[in-house]
Each structure stands twice: as structure tokens, then as C-alpha cells.
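There are 2 protein chains.
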Amino acid sequence: MHNFSVSLDGFGTGEGQQLETPFGHAGSRLMEWAFGTRTFREMGLHGQGEASRGVDEAFASAWAPGIGVEIMGRNKFGPQRGPWEDEDWKGWWGDDPPFHTPVVVLTHHPRPVLEMAGGTTFHFVDADPAAALEQARALAGGLDVRIGGGVSTVRQFLEADLIDHLHIVLVPIVLGRGERLWDGLEGLEERFTIEATPSPRGVIHLVFARRTSR
Amino acid sequence: MHNFSVSLDGFGTGEGQQLETPFGHAGSRLMEWAFGTRTFREMGLHGQGEASRGVDEAFASAWAPGIGVEIMGRNKFGPQRGPWEDEDWKGWWGDDPPFHTPVVVLTHHPRPVLEMAGGTTFHFVDADPAAALEQARALAGGLDVRIGGGVSTVRQFLEADLIDHLHIVLVPIVLGRGERLWDGLEGLEERFTIEATPSPRGVIHLVFARRTSR
Numbered sequence: 018m019h020n021f022s023v024s025l026d027g028f029g030t031g032e033g034q035q036l037e038t039p040f041g042h043a044g045s046r047l048m049e050w051a052f053g054t055r056t057f058r059e060m061g062l063h064g065q066g067e068a069s070r071g072v073d074e075a076f077a078s079a080w081a082p083g084i085g086v087e088i089m090g091r092n093k094f095g096p097q098r099g100p101w102e103d104e105d106w107k108g109w110w111g112d113d114p115p116f117h118t119p120v121v122v123l124t125h126h127p128r129p130v131l132e133m134a135g136g137t138t139f140h141f142v143d144a145d146p147a148a149a150l151e152q153a154r155a156l157a158g159g160l161d162v163r164i165g166g167g168v169s170t171v172r173q174f175l176e177a178d179l180i181d182h183l184h185i186v187l188v189p190i191v192l193g194r195g196e197r198l199w200d201g202l203e204g205l206e207e208r209f210t211i212e213a214t215p216s217p218r219g220v221i222h223l224v225f226a227r228r229t230s231r
Numbered sequence: 018m019h020n021f022s023v024s025l026d027g028f029g030t031g032e033g034q035q036l037e038t039p040f041g042h043a044g045s046r047l048m049e050w051a052f053g054t055r056t057f058r059e060m061g062l063h064g065q066g067e068a069s070r071g072v073d074e075a076f077a078s079a080w081a082p083g084i085g086v087e088i089m090g091r092n093k094f095g096p097q098r099g100p101w102e103d104e105d106w107k108g109w110w111g112d113d114p115p116f117h118t119p120v121v122v123l124t125h126h127p128r129p130v131l132e133m134a135g136g137t138t139f140h141f142v143d144a145d146p147a148a149a150l151e152q153a154r155a156l157a158g159g160l161d162v163r164i165g166g167g168v169s170t171v172r173q174f175l176e177a178d179l180i181d182h183l184h185i186v187l188v189p190i191v192l193g194r195g196e197r198l199w200d201g202l203e204g205l206e207e208r209f210t211i212e213a214t215p216s217p218r219g220v221i222h223l224v225f226a227r228r229t230s231r
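Protein sequences appear in the order of chains Y and A.
In terms of our numbering, the first sequence opens at residue 18 and continues consecutively.
In terms of our numbering, the second sequence opens at residue 18 and continues consecutively.
Chain Y with its partners taken away, still in its complex shape (with noise of 0.2 Å):
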């Protein structure tokens, strides 16, 4: 898992998910952070300026390097709930999105396999997370499968004990209210050792590395 922004309070979105607002009330703030990065950058977000090489971009460039497949949850893909009224909606990404591998899409509700260009194909997946982690691996080629969020996939993916690497960024904001990340998870740091290291721009990235000693 890369990238994952959360709130001093938590909350790894804001309330009121909605085709303008991914993040409903939190807007962008919890992803400026990487605007300014080289690397969000050539993904099509733009921000003001010269792009930074800095510790934030050597965070989010280690996104993609040996990473075979995705796995998000269907919030992540799109703001419906329940069963697709048409299957006209491809994502937030435009017709190349930004991850050029397969993405394992989870939702109650399977469509056929969607292919965009640049190699990116969504796969829609009814399974647990182990269950959907076992068709991941399939896909992947051999590479890592990332967690691609959101907060309630990641969630679940970390109740299970299913994630080794994870890179938390923790953005100094009081949402008071969303989606919590940390909800369910006491005790976690006994499985993990935690790395943290501020950014110049006033987040921290915190890196948990999965204990393998148990």
C-alpha cells in the first residue's frame, strides 16, 4: 500500500463522496501533498511550479516500480452504490488511467472485464479479501499486488494480515468526520515496525514494514 493520505483525526476521506468530490468535504487537502511531486505530475494532476524531487516524490515514485496488479475498492473506482444502472462509468481516470496493469476491482455487484487504454484492465471481483488477493496474485505476473484503498479496503486488507508494506501519510488536518482508517486495528503496531519521516511541505510519511519474525 502506497500513498495512503490520513488526518490527524484519522480519517483517510472526508463525508459526502460525490462525482466532484472524490474525498467529499476534505476536497484536496489530503492529497496536496503530492500535487507538487514529479510523479503525480506526469499522471495528469497538475499543480503550481517546478515539481519536487524531494522526500515526498521518493515516497510516491515507489508506487508503481515492480507492482503487477491493483486491488481497490469500488469506492475508489466510483461514487454509485448498488447495482450499476449502466456500465457507461470507467473510473475517475479519463480512457488512460494512470495504472497501465490489471486492477481488481471489489464490489457486490461483478460487470465484465473493462479494458482502457495505456494496459490498464478492471476486473470486478465479488470475494473477501484473501479470496480477492488469490485472483490479484493471478493477474500480477509474478510482481507485487498494491492496495490501492480506500479506506475501508485498506481496512480490511490490514484486519486480515494481509499487508507487509505500508506507507501511511499523515497530513497534519482535523477532518472531524469520514471514513476512519484506524477503526477495528488495536494493537496493529505489535505486527509492524514503524518508520516516520516528515516532509519539508508538513506532512510525515510513516512507513509500517511487517514484522517477520512471528
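I should point out that these hints are in silico values taken from the structure, not numbers from a laboratory.
Where hints are given, some of them may not hold.
Covered stretches of chain Y, as calculated for chain A (at least 3 residues, CB under 8 Å) [claimed, not checked]:
{"#": "1", "region": "22 to 35"}
{"#": "2", "region": "197 to 211"}
Listed next, with one range per pair, are the computed distances between beta-carbon atoms [said to hold, decoys possible]:
{"#": "3", "chain 1": "Y", "residue 1": "V72", "chain 2": "A", "residue 2": "E32", "range": "46 to 56 Å"}
{"#": "4", "chain 1": "A", "residue 1": "A68", "chain 2": "Y", "residue 2": "H182", "range": "27 to 37 Å"}
{"#": "5", "chain 1": "Y", "residue 1": "E176", "chain 2": "A", "residue 2": "D112", "range": "33 to 43 Å"}
The beta-carbon is built from N, C-alpha and C at its ideal position, and this holds for glycine as well.
Use these hints to put chain A onto chain Y, whose structure you have.
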């Protein structure tokens, strides 16, 4: 406010405060970073090994200089709730508490001033934050007022915008339950500039400085 520890999920104390467990099920985990510092050793909290003179001590030692009075909530003073059954309880700290100044204890159940050894006097006051601050200032001899905790006291003073300097120690643990610091403080970051410094011992010092330009 100095040396106030908060978990990743925003709890400033655990669940179930009792006589033997001032921080409830959190045990000593929120304060372990401090036990190795010279400042806390000199308060009689005994860690093991050489006392730290590093960044943890640099922050820890700032709690006393220039402070003329502390304001604390009743739950920091003791585990009792409701009317005092007797007045034998004189705080968690023994006959010579580490404060060495007047201490205003917020309670709906006032009792007589308690004079301890070493210059600490406990004043029991039933007042809202602004009025308590006024009473504390009158006892401070022109020095600064420290907010000592616990969680709800800090939260109330932040809500009332009565804190200029807030030193939070983010401890990378997921407590799961207890008392949340950040509730009701949505948008707090707009009132402060925030600086983050990680410690080699694994915690992150956050310094909130109140913006003066408003």
C-alpha cells in the same frame, strides 16, 4: 500545553481509568517515550539505562520554565468521579508533586485549597475554560499558564481557542478505545502552524503555534 501524547487513532488516554491505571488500558504506552528523558527521571519516573539528552528531552524539559500555574482536569488529579467521598486523596504524585506552582483543578465539586510540599498548591475550581484561565492567571505571578490535561480539558481549551502553544507527541500505536482528543476540532489546523519532528525513539513531536495574523 506540553508533552501531551496521542495515539495514531487520536486517543489521549485509554479506556477504564482506575487507581492503578491512570491511562486505562493504554497502560504506560503513551508515555514511554518520556520515561527515558532526564526531565521525567528527575520527577521520579524511573526508566532504565542512561537518561536521554536528545530531542525527546529537549521537548520534555520545556514543560516547566516560565510556567507560573497549571490548569488540569479532575481526571488528571484522580480517578474519583462525582462528589468527593473524602478529601484524603491528594493526587497521584505523593506528598511532593512535581509541579512546584499553584495548580487549578477543574471540578464541579470544589474543596478547600490543598497545600503540598515543594510549593504545589491545588485550587479546586468550578468554572468554564475562560473563567478558569482568568483565575489561573491571577495565581501565575505574571508567568505563563500551562494546560496540563487530561484529554477533555485540552479539547475544551482548544475549542475555546485559548491555547497558543500545543506540543503533541504522536505515538505510533492504535489504541482502539479511550478518549479522543480531536473530536469537535474540525479545521483546527487553520488556527495553527504545525511543525513535525520525529524522535529516534519512534514518536513524532508536533508543535502547534497559534497564528497571530488573525
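Against the structure, the hints:
1. 22 to 35: Satisfied; 3 residues make the cut.
2. 197 to 211: With 10 residues in contact (Cβ-Cβ under 8 Å with chain A), the coverage given for the region 197 to 211 of chain Y holds.
3. Y/V72 - A/E32: 46 to 56 Å: Since Y/V72 and A/E32 have Cβ atoms about 36 Å apart, the given range 46 to 56 Å is violated.
4. A/A68 - Y/H182: 27 to 37 Å: Distance hint for A/A68, Y/H182 holds at roughly 35 Å.
5. Y/E176 - A/D112: 33 to 43 Å: Taking Cβ atoms as reference, Y/E176 and A/D112 lie about 48 Å apart, which means the hint is violated.
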